[in-house]
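Chains as they are written, first to last, in numbering that gives the first Met the number 0: chain A, 0 to 273; chain B, 0 to 539; chain C, 0 to 54; chain D, 0 to 180.
Just so you know, these hints were derived from the structure itself, not from any lab. A couple of the hints might just be wrong.
Calculated lysine-lysine pairs in the DSS-like style (CA-CA distance at most 30 Å, straight line) [unchecked claim]:
{"id": "1", "chain 1": "B", "residue 1": "152", "chain 2": "B", "residue 2": "78"}
{"id": "2", "chain 1": "A", "residue 1": "88", "chain 2": "A", "residue 2": "155"}
{"id": "3", "chain 1": "B", "residue 1": "311", "chain 2": "C", "residue 2": "18"}
{"id": "4", "chain 1": "A", "residue 1": "154", "chain 2": "A", "residue 2": "88"}
{"id": "5", "chain 1": "C", "residue 1": "18", "chain 2": "B", "residue 2": "318"}
Have a look at the derived ranges for each label pair, beta carbon to beta carbon [stated by the list, open to error]:
{"id": "6", "chain 1": "D", "residue 1": "57", "chain 2": "A", "residue 2": "157", "range": "26 to 32 Å"}
{"id": "7", "chain 1": "D", "residue 1": "16", "chain 2": "A", "residue 2": "84", "range": "24 to 30 Å"}
{"id": "8", "chain 1": "D", "residue 1": "174", "chain 2": "B", "residue 2": "186", "range": "46 to 52 Å"}
{"id": "9", "chain 1": "A", "residue 1": "188", "chain 2": "B", "residue 2": "187", "range": "45 to 51 Å"}
A virtual CB, placed ideally from N, CA and C, is assigned to each residue, including glycine.
Spelled out, the chains give:
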Amino acid sequence: MTEQPTGGRERDRWGFAAAMVVAGVLLFSVVMGLIVLPVLQAPNAGIDPWTAICRAVGLKAGSPAQPQPPVSATAAPVSQVRWTPATLKILAAADPRPGAALAQAVCSACHGEAGLSPSTDFPHLSGQSGAAIYKQLSDFRSGARFNAQMTPVAKKLTDEQLAQIAAYYGSFSRRAAALGPRYGIGDAAISRLANRGDPARALPPCESCHARGVGGPPEAPVLSGQQREYLYRQLRAFAGGQRGNDVYRRMRDVSSHLSDDEMHRLAEFYQGLS
Amino acid sequence: MPQNRRLILAHLWVAFSVFVLAAALGVWQMWVRSPLAAPQDTPARYYQSVTGHGVSMAYVLTTFFIMGFGYFTAETALKTPLPSARWAWAGFWTALAGVAMTVAAILSGQASVLYTFYPPMTATPWFYVGLVLVVVGSWIWVAVMLVAMARFKRANPGAPVPLAMYATVANAIMWLWTTAGVSAEILFQILPAVFGWTQTIDVGLSRTLFSWTLHAIVYFWLFPAYIAFYTMAPRAAGGRLYSDTMGRLSFVLFLLYSLPVGMHHLFMDPEHSTGFKFIQMSLTALVSIPTLLTVFTISASMELAGRLRGGKGLFGWIKALPWERPMVLATGLAFFMLWFGGGGGLINMSYGMNAMVHNTAWVTAHFHLIFGGTVVIMYFAIAYEIWPSLTGRAPLSVATQRLQLWLWAIGMMVMTLPWHYLGLQGQWRRVASFNYADPRIGPWGPLVIVSLAGGVLLLVSAVMFVMNLLPRRAQVRLPEQGYSFALAVHPPQRVPAALNGFTVWNVLVAILMLVAYGFPILQFFIGNSPQAVIHPLTGG
Amino acid sequence: MHEDDHDGLTPAQIAEAMKATPRGALALAGITTGLLMAAWLAMYFLVFLPRGSVG
Amino acid sequence: MSEADERAIVRSEIRWAVVAIAAVSVIMLAVIFAAIAMHINPPSNVERINPQDLHLSAEFTEANLGTKVEANGQITARIVATQFAFVPRCVVLPADRPVTLRFSSPDVIHGLLVSGTNVNTMVVPGYVSQVHTVLRKTGDLLMPCHEYCGLGHSEMSGTIRVVPSAQFRPGPDGRVACAAK
Numbered sequence: 000m001t002e003q004p005t006g007g008r009e010r011d012r013w014g015f016a017a018a019m020v021v022a023g024v025l026l027f028s029v030v031m032g033l034i035v036l037p038v039l040q041a042p043n044a045g046i047d048p049w050t051a052i053c054r055a056v057g058l059k060a061g062s063p064a065q066p067q068p069p070v071s072a073t074a075a076p077v078s079q080v081r082w083t084p085a086t087l088k089i090l091a092a093a094d095p096r097p098g099a100a101l102a103q104a105v106c107s108a109c110h111g112e113a114g115l116s117p118s119t120d121f122p123h124l125s126g127q128s129g130a131a132i133y134k135q136l137s138d139f140r141s142g143a144r145f146n147a148q149m150t151p152v153a154k155k156l157t158d159e160q161l162a163q164i165a166a167y168y169g170s171f172s173r174r175a176a177a178l179g180p181r182y183g184i185g186d187a188a189i190s191r192l193a194n195r196g197d198p199a200r201a202l203p204p205c206e207s208c209h210a211r212g213v214g215g216p217p218e219a220p221v222l223s224g225q226q227r228e229y230l231y232r233q234l235r236a237f238a239g240g241q242r243g244n245d246v247y248r249r250m251r252d253v254s255s256h257l258s259d260d261e262m263h264r265l266a267e268f269y270q271g272l273s
Numbered sequence: 000m001p002q003n004r005r006l007i008l009a010h011l012w013v014a015f016s017v018f019v020l021a022a023a024l025g026v027w028q029m030w031v032r033s034p035l036a037a038p039q040d041t042p043a044r045y046y047q048s049v050t051g052h053g054v055s056m057a058y059v060l061t062t063f064f065i066m067g068f069g070y071f072t073a074e075t076a077l078k079t080p081l082p083s084a085r086w087a088w089a090g091f092w093t094a095l096a097g098v099a100m101t102v103a104a105i106l107s108g109q110a111s112v113l114y115t116f117y118p119p120m121t122a123t124p125w126f127y128v129g130l131v132l133v134v135v136g137s138w139i140w141v142a143v144m145l146v147a148m149a150r151f152k153r154a155n156p157g158a159p160v161p162l163a164m165y166a167t168v169a170n171a172i173m174w175l176w177t178t179a180g181v182s183a184e185i186l187f188q189i190l191p192a193v194f195g196w197t198q199t200i201d202v203g204l205s206r207t208l209f210s211w212t213l214h215a216i217v218y219f220w221l222f223p224a225y226i227a228f229y230t231m232a233p234r235a236a237g238g239r240l241y242s243d244t245m246g247r248l249s250f251v252l253f254l255l256y257s258l259p260v261g262m263h264h265l266f267m268d269p270e271h272s273t274g275f276k277f278i279q280m281s282l283t284a285l286v287s288i289p290t291l292l293t294v295f296t297i298s299a300s301m302e303l304a305g306r307l308r309g310g311k312g313l314f315g316w317i318k319a320l321p322w323e324r325p326m327v328l329a330t331g332l333a334f335f336m337l338w339f340g341g342g343g344g345l346i347n348m349s350y351g352m353n354a355m356v357h358n359t360a361w362v363t364a365h366f367h368l369i370f371g372g373t374v375v376i377m378y379f380a381i382a383y384e385i386w387p388s389l390t391g392r393a394p395l396s397v398a399t400q401r402l403q404l405w406l407w408a409i410g411m412m413v414m415t416l417p418w419h420y421l422g423l424q425g426q427w428r429r430v431a432s433f434n435y436a437d438p439r440i441g442p443w444g445p446l447v448i449v450s451l452a453g454g455v456l457l458l459v460s461a462v463m464f465v466m467n468l469l470p471r472r473a474q475v476r477l478p479e480q481g482y483s484f485a486l487a488v489h490p491p492q493r494v495p496a497a498l499n500g501f502t503v504w505n506v507l508v509a510i511l512m513l514v515a516y517g518f519p520i521l522q523f524f525i526g527n528s529p530q531a532v533i534h535p536l537t538g539g
Numbered sequence: 000m001h002e003d004d005h006d007g008l009t010p011a012q013i014a015e016a017m018k019a020t021p022r023g024a025l026a027l028a029g030i031t032t033g034l035l036m037a038a039w040l041a042m043y044f045l046v047f048l049p050r051g052s053v054g
Numbered sequence: 000m001s002e003a004d005e006r007a008i009v010r011s012e013i014r015w016a017v018v019a020i021a022a023v024s025v026i027m028l029a030v031i032f033a034a035i036a037m038h039i040n041p042p043s044n045v046e047r048i049n050p051q052d053l054h055l056s057a058e059f060t061e062a063n064l065g066t067k068v069e070a071n072g073q074i075t076a077r078i079v080a081t082q083f084a085f086v087p088r089c090v091v092l093p094a095d096r097p098v099t100l101r102f103s104s105p106d107v108i109h110g111l112l113v114s115g116t117n118v119n120t121m122v123v124p125g126y127v128s129q130v131h132t133v134l135r136k137t138g139d140l141l142m143p144c145h146e147y148c149g150l151g152h153s154e155m156s157g158t159i160r161v162v163p164s165a166q167f168r169p170g171p172d173g174r175v176a177c178a179a180k
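Bound-form chain A, shown alone (with noise of 0.2 Å):
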């Protein structure tokens, strides 16, 4: 026990010893993953031995085993509005006092005041996420989605304002109880579609994205407490290919796959939840 420990020299001996091994073993895997098999697998690829090491290394796109398609493709687009930092910054900065302002002069002659609307024609915009109403009316204002009476109205409006108006509806908490009339409440079955989804037909629960925090696409607008009939007029409008700004096509597949009945109980369910 009370030997000296081994000296310098046999740290050495085993230091080299380990670095020699270490050194080999990483020799063996760089050259093998950096240069031998992509230049073995160059020739399937048709491209020079340079090539397929740059494309081993990350320095160029694509396998150094196989051929990159080519890309030719224009086609329109369905929506502009673009989820940047720049756009949430705007909506994260927008004021909602000139937001008031301008719906009180451009929009509650149909959205109602406090954006709870009167008829059933309109839809409530109290409560409504600020990313929803924005996304609208940049798509009314773009030409995405159209509406005899929003796409004027929104056409007058710059980028700013949208967000302002989009900042004053979403400043309300929640959407007013005592809406109206509540239907759809113990609907077992549109519950569980709400809430669970159908896996035999692929459809998500609606829960999974109309819901606030659910981590879903940011424009996707919360239903709970909205105008049944506006909710049923949307999913057959996106069903019929009347309506079609919904990126990728999620509203329009969705709504597909719906029965005309569900429709109407799931836009009932959504009006009495609250």
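Take the given structure of chain A and dock chains B, C and D to it, following the hints.
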């Protein structure tokens, strides 16, 4: 006899209470996935539960057990009290506060992002801050372990650090390296986003940083099991450790090769090139070497024990082993499950072959066998083994301990064998409900129910484990006793300095990490690395 | 070495038991590792390669 | 204990280490063989694309998704993985011909496998994931999303419809779509 018994027990009880709750969640999750109707089976509840199960098992059970066991090892192997019990308690309370925050975040439904986070989905800040505190608490443990070893070496110049302590410190050092990746991800990417300072996350970078942590963390969990194989099982079997040097070498190899390999979790990812995936694959292949060395060294130690007990012939020693002792039984069962889990791992790590199984139930089976099988069954055995010296009371009868261990191993096999098969059939992961009406999926139903039955056995075993440890009224107090680790056939008088410290190995780890992760991380800082907008999953 | 660490085994006992060790361990570890390799190769040739090339 | 005993122990350990290294080498050789002879790599495209603009990009715009036979004869399927569906939900591909699948995500991390094949990749926002393969079995193959992408993850599933090569008939624009069933 360890001095800070309350400290050690506090750690172990946090670990074990969380463990039983997490086991119950696991059973419910399998019930939801099965064709049988389960209560509360909405996706929101399911992913909340998966998050709770993963966080509890992977972060709480392990970290607290390893800290508690580390303190035990330091005090019993070095035969001195901890350098600072006050710091150790500070680490405990820090980590416990972290657990409380994280659990509250998960219970509130504002953190259903699973234990691997998946940015750009984000949870409430409390979730991440809580986890950071758990890690900070564990760093205090690391410091205490390092100081304890340094003091021992200063007080005993030239003496070998006892193997159990050498291994514990190897794990502590590896843990420091390990946590660098996830800490960078949370501190520089996720927290700025969840506090609203940034709106986007570089997902490629976050996945790469998490992969830095993701493999080595498994070895962090595994170390106590290997410490038990080398320093507890041979003595429990009535023999000695075949080779002390091989033990040291194996632990050093784990330190070296469990780190530069995490990218094998990203084989199917588009943000890394074939070349660096190959490099990390060939380094991953080397991780199997210390495990294969351990298989041999522990077999030889057991053979020695069997022969000392009169076992003859090529395999007669196996029968002669005292299988009635929980530590010996657990060691045998752990190696049995390691065969399946490690075999699955060899397939997962095989480069393009990973495509056959990636993100299928096969992988779930693999890591449940390694973690739930090999690792946790040894946690059980360690607890049974050290309980008398911690509490002055023996656990409930040896027969119930054996029953509990058998139930665990059988439950684990019944649960994971169907998962392996279903994974090859394409059953994918992280799913709350399958469409069993689909003729391509329908035949999976019965097998899912079989694995659910395995899960029920596991839950029964988990409850039995805690019952075995609970204090009982009519219990005989044992005389105060210390704990003795296994001796080696040749107890080392001196060991090479390289195997008595970690300087050389840290330098080599740094070199390996530089080659394996240098460019793969650097590439996200070249040009415009794409940023994804965050998707807050913070509840309504 | 501390007194209480002694496991009661004598050098003579150990030397006797070490005569046959580690032949059994070599056999056991060899068989299990051999089976492991056989299982890996079976998965490689019977499942992985038939599923076709990827990259 | 004699020095000789200790040497015997070391000798046996070294002998075993040789066996272990040989076993691991067999695996390495098999993997290298598959890479050289069958061009099997993990899908590793390292091709960046801005996820915030994906629906405005030329390639991954809604109208450009699905299967297309390119001018040079390469068959490429472009698929977007988004919360909580693949677009398009069904993709037609011919059996026994080299095909390339290209995926991208505008939102969060997704992943996919095609059951019974080695087609498997993560779809990470910011990158185009690309898989080259030859499909052998005909029929409707499951293509589920295998990475947690939000609360609708379980219902995110698509179909790869593999048809015999003779029945794979692209339209004048080179496109092929799933017929309604």
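Evaluated hints:
Pair hint residue 152 (chain B) plus residue 78 (chain B) holds up; C-alpha atoms about 13 Å apart against a cutoff of 30 Å. Our distance criterion of 30 Å between C-alpha atoms is met by residue 88 (chain A) and residue 155 (chain A), whose separation comes to about 22 Å. Taken as a hint, the residue 311 (chain B) and residue 18 (chain C) pair is honoured in the structure, with Cα atoms around 11 Å apart against an allowance of 30 Å. With a CA separation close to 22 Å, the supplied pair residue 154 (chain A) and residue 88 (chain A) stays within the 30 Å bound.
Under the criterion of a C-alpha separation no larger than 30 Å, the hint pairing residue 18 (chain C) with residue 318 (chain B) is consistent with the structure, at around 19 Å. The hinted window of 26 to 32 Å between residue 57 (chain D) and residue 157 (chain A) holds, with their beta carbons roughly 28 Å apart. In this structure the hint that residue 16 (chain D) and residue 84 (chain A) lie 24 to 30 Å apart at CB is violated, the actual value being about 54 Å. The hinted range of 46 to 52 Å is satisfied by residue 174 (chain D) and residue 186 (chain B), whose Cβ atoms lie roughly 47 Å apart.
Residue 188 (chain A) and residue 187 (chain B) have their C-beta atoms about 47 Å apart, which keeps the hinted 45 to 51 Å range intact.
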